[in-house]
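S.K.: We have chain A already, so just place chain B on it with the hints.
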Amino acid sequence: ILNVEQSPQSLHVQEGDSTNFTCSFPSSNFYALHWYRWETAKSPEALFVMTLNGDEKKKGRISATLNTKEGYSYLYIKGSQPEDSATYLCAFCTGANSKLTFGKGITLSVRP
Amino acid sequence: EPEVTQTPSHQVTQMGQEVILRCVPISNHLYFYWYRQILGQKVEFLVSFYNNEISEKSEIFDDQFSVERPDGSNFTLKIRSTKLEDSAMYFCASSLRTGGADTQYFGPGTRLTVL
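Protein chains in written order, with this note's numbering: chain A, 1 to 112; chain B, 1001 to 1115.
Excised from the complex, chain A in its bound form (with noise of 0.2 Å):
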């Protein structure tokens, strides 16, 4: 059974504060490794995917690095602005077939 692991469950900062989070998926089997950005009542919304080790990739404030031989990712958020709010999901995925195992999400709160 794969697990996928996101911490912490939720955050709040105040606009401004650079925020990080963590993945945490089996070094096994690893073929890819997918971030989503999820507001309620909304589309999950691709963010990154993420095959290679050390890969970084940045989208505006939003950046993620990954680690497969140690099995994480890292997703930083700098100067958070409130509307970043929103559930962040990372999804897990061995390859062969294309099923996303996802973690828990963690849902962040940036008070204006």
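Don't take each hint at face value.
To be verified - Heads up, simulated DSS-like pairs for lysine-lysine below, C-alpha to C-alpha not over 30 Å straight-line:
hint	chain 1	residue 1	chain 2	residue 2
1	B	LYS1083	A	LYS104
2	B	LYS1042	A	LYS78
3	B	LYS1042	A	LYS69
4	A	LYS58	B	LYS1083
5	A	LYS69	B	LYS1057
6	B	LYS1078	A	LYS58
7	A	LYS42	B	LYS1057
8	B	LYS1083	A	LYS69
9	A	LYS104	A	LYS78
10	A	LYS57	B	LYS1078
11	B	LYS1083	A	LYS57
12	A	LYS104	B	LYS1057
13	A	LYS59	B	LYS1078
14	B	LYS1042	A	LYS42
Stated by the list, open to error - Anything over 12 Å on all C-beta distances counts as not near chain A; from chain B, calculated:
hint	residue
15	GLY1016
16	ASN1028
17	GLN1037
18	LEU1046
19	PHE1065
20	SER1066
21	ASN1074
22	ARG1080
23	LYS1083
24	LEU1084
25	ASP1086
26	SER1087
27	ARG1097
28	THR1113
It is worth saying that the hints were derived from the structure and are not from the lab.
Note that beta-carbon positions come from the ideal geometry of N, C-alpha and C, so glycine has one too.
M.R.: Same frame as chain A, but now just chain B:
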């Protein structure tokens, strides 16, 4: 920008009734998926579909569930006889290619409530 759409946004049904959840994937995508999230739990995979057949299904996807692509645009999930524990948010997703390295684009979900 193309997006995955789902209808209805909320469905309430009585236990034992059949429900059909509908999805319109992104038009040039070839791979289709259903996931669900029971309140307070993780999003979990149900089934993947390609070339008019199921590619993979989870142990949740038993004989009560079926999927169909009845025409060139819709992708449906049918639950034949709903149970209380089927209450969840059901997400449809699509991707252009297979393999876990391709982005899966999600719809906004259908919240199914079984009474």
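S.K.: Look at each hint and say if it fits the structure.
M.R.: The hints, checked one at a time:
At roughly 24 Å between alpha-carbon atoms, LYS1083 (chain B) and LYS104 (chain A) fall within 30 Å of each other, so this suggested pair holds. For a cut-off of 30 Å, the pair hint linking LYS1042 (chain B) to LYS78 (chain A) stands: about 26 Å separates their Cα positions. About 24 Å separates the Cα atoms of LYS1042 (chain B) and LYS69 (chain A), which keeps this hinted pair within 30 Å; it holds. Restraint check for LYS58 (chain A) and LYS1083 (chain B): the C-alpha separation of about 43 Å exceeds 30 Å, so the hint is violated.
With a CA separation close to 28 Å, the supplied pair LYS69 (chain A) and LYS1057 (chain B) stays within the 30 Å bound. In summary, the hint linking LYS1078 (chain B) to LYS58 (chain A) is not supported, as the alpha carbons are separated by about 39 Å, beyond the 30 Å threshold. Taking the CA atoms of LYS42 (chain A) and LYS1057 (chain B), the gap is near 25 Å; set against the 30 Å cutoff, the hint holds. A distance of roughly 42 Å separates the Cα atoms of LYS1083 (chain B) and LYS69 (chain A); the hinted pair therefore is violated under the 30 Å criterion.
Distance check on the hinted pair: LYS104 (chain A) and LYS78 (chain A) sit about 23 Å apart at the alpha-carbon level, within 30 Å; holds. Annotation: proposed proximity of LYS57 (chain A) to LYS1078 (chain B) is violated, straight-line Cα distance about 38 Å (limit 30 Å). A distance of roughly 42 Å separates the Cα atoms of LYS1083 (chain B) and LYS57 (chain A); the hinted pair therefore is violated under the 30 Å criterion. Note on LYS104 (chain A) and LYS1057 (chain B): the hinted pairing holds, with a Cα-Cα distance of about 21 Å set against a maximum of 30 Å.
With a C-alpha separation of about 37 Å, the suggested pairing of LYS59 (chain A) with LYS1078 (chain B) is violated against the 30 Å cut-off. Between LYS1042 (chain B) and LYS42 (chain A), the direct Cα distance comes to roughly 17 Å. Compliance with the 30 Å bound is thereby established for this hinted pair. Listed as outside the interface, GLY1016 (chain B) is consistent with that label: its C-beta sits roughly 29 Å from the nearest C-beta of chain A, beyond the 12 Å cut-off. A cut-off of 12 Å between C-beta atoms confirms that ASN1028 (chain B) is not in contact with chain A; the least separation is 16 Å.
Taking the minimum C-beta to C-beta distance to chain A, about 8 Å, the non-interface status of GLN1037 (chain B) is violated against the 12 Å cut. Separation of LEU1046 (chain B) from chain A is inadequate, the least Cβ-Cβ distance of about 10 Å not exceeding the 12 Å criterion. With a closest Cβ-Cβ approach of about 15 Å to chain A, PHE1065 (chain B) is found to remain outside the 12 Å limit, as its non-interface label requires. Non-interface status of SER1066 (chain B) relative to chain A is upheld: no Cβ of that chain comes within 12 Å, the nearest being about 18 Å off.
The Cβ of ASN1074 (chain B) lies farther than 12 Å from every Cβ of chain A, with a closest approach of about 17 Å, so its non-interface assignment holds. Remark: the non-interface label on ARG1080 (chain B) is consistent with the geometry, its nearest Cβ contact in chain A lying 23 Å away (cut-off 12 Å). Taking the minimum C-beta to C-beta distance to chain A, about 23 Å, the non-interface status of LYS1083 (chain B) holds against the 12 Å cut. For LEU1084 (chain B), the non-interface assignment is confirmed: its Cβ lies about 22 Å from the closest Cβ of chain A, beyond the 12 Å cut-off.
For ASP1086 (chain B), the non-interface assignment is confirmed: its Cβ lies about 19 Å from the closest Cβ of chain A, beyond the 12 Å cut-off. Every Cβ of chain A is farther than 12 Å from the Cβ of SER1087 (chain B); the closest lies at roughly 18 Å, confirming the non-interface assignment. Consistency note on ARG1097 (chain B): stated as away from chain A, yet its beta-carbon is not over 12 Å from all of that chain's, at 9 Å minimum. The Cβ of THR1113 (chain B) lies farther than 12 Å from every Cβ of chain A, with a closest approach of about 16 Å, so its non-interface assignment holds.
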